[in-house]
Amino acid sequence: MKHTTVIATILVTAVTTFALRAAPSVIFHGQRKMPDWLDRLGKMLPSAIMAVLIVYCLKDIGDDWIGIGIPRMLAVAIVVFSYKWKHSTLLSIVSGTAAYMLFLPLF
Amino acid sequence: MKTDKQTLQIAFSKSLTILFSYLFVAMAYGMMMEQAGFAWYDSLLVSFTVYTGALQFVLITFLSSGASLLTVTLTALLMNSRQTFYSLTFLLEFNELPLPRRLYMIHTMTDETYAVNCSLPLNQPNRKDVMLLVALLSRCYWLIGSVLGGILGQLIPFDLMGIDFCMTALFVIICIDQWENATVHTPALIGFGVGLGALLVFGKNSFMLPALLVTSGLLLLMNKGGAK
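Protein chains in written order, with my numbering: chain A, 1 to 107; chain B, 1 to 228.
One chain only, chain A, in its complex shape (with noise of 0.2 Å):
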């Protein structure tokens, strides 16, 4: 990727970000209220594009289902079981992560 390209893709994302931030300043004034269809779409947005993310994560399990495939969800659900037990980001992370590291020579 060229270099130009990166600064803008890094621009875009940083001004984006805070212009979300910034929007019920500019927005909303003092008031306080928002519509209520955007304060429902902002309650179920978050959990639907996490959704999508997830499905991007695992794209490329089409390109090698014993290779890629395999590895990644052994480590998944090393990760969702070991969340469900201790509820620890970091022992989740690090375990599946670590788990997926090992598992990928061995496909």
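It is worth saying that the hints were derived from the structure and are not from the lab. Check before you lean on any hint, since a few could be wrong.
What the hints assert, rightly or not - Derived DSS-like pairs (lysine-lysine); straight-line CA-CA distance at most 30 Å:
(1) B:Lys204 to A:Lys2
(2) A:Lys86 to A:Lys59
(3) B:Lys224 to A:Lys43
(4) A:Lys59 to B:Lys204
(5) A:Lys86 to A:Lys43
(6) A:Lys59 to A:Lys2
(7) A:Lys43 to B:Lys128
(8) A:Lys59 to A:Lys43
(9) A:Lys59 to A:Lys84
(10) A:Lys43 to A:Lys84
(11) B:Lys5 to B:Lys128
(12) A:Lys43 to B:Lys204
As the list claims (entries may be wrong) - Anything over 12 Å on all C-beta distances counts as not near chain A; from chain B, calculated:
(13) Val116
(14) Leu122
(15) Asn126
Where a beta carbon is used, it is the ideal one built from N, C-alpha and C, also for glycine.
Chain B: place on chain A using the hints.
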């Protein structure tokens, strides 16, 4: 601003939970950046300007695969729209601050600082100073972690192949948290369904934009229907 020692102590103790999660997640981020071929100062630049957790991980794959600016913008909009609602909570309080400080508080509004700010009692002495210091400290943890991760990534003698899985792990954890806190699971199921469908139809290199558009469109329609 007068910062007495006590205010700093309160802010530091409030920021302790953020310290561990930020240092660790930012280090994973720095290592993943390093594995993708970016230097520690690239991670520092992104953490300094963007400063947002999950999106920074997605940004790495966007940077290495060369996603279109439209996809980047839409993903950023949808992933971080929740932070609009965070600033809304503190709108009135922030509006009392001088402009540079207000801008800083807006820029540093993340999931974690929001949670800590919400936990501060309304009659907290020097409440706004505590908020500022929590924001400042958290941002430092994040920056330090990003740089440390990049440097460690270079120093570690073995291959970091597969370190990118930490993004998947993080997202799966966030998804489980959201699932457990939700009463309705339709939005998450729509996300999975539309994501998979778009992946099959458009292929792995161009499915994100249609998937995000269709998902938010469907949620909008659901909302309009529910309003009646």
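Problem - Violations among the numbered hints - result: none
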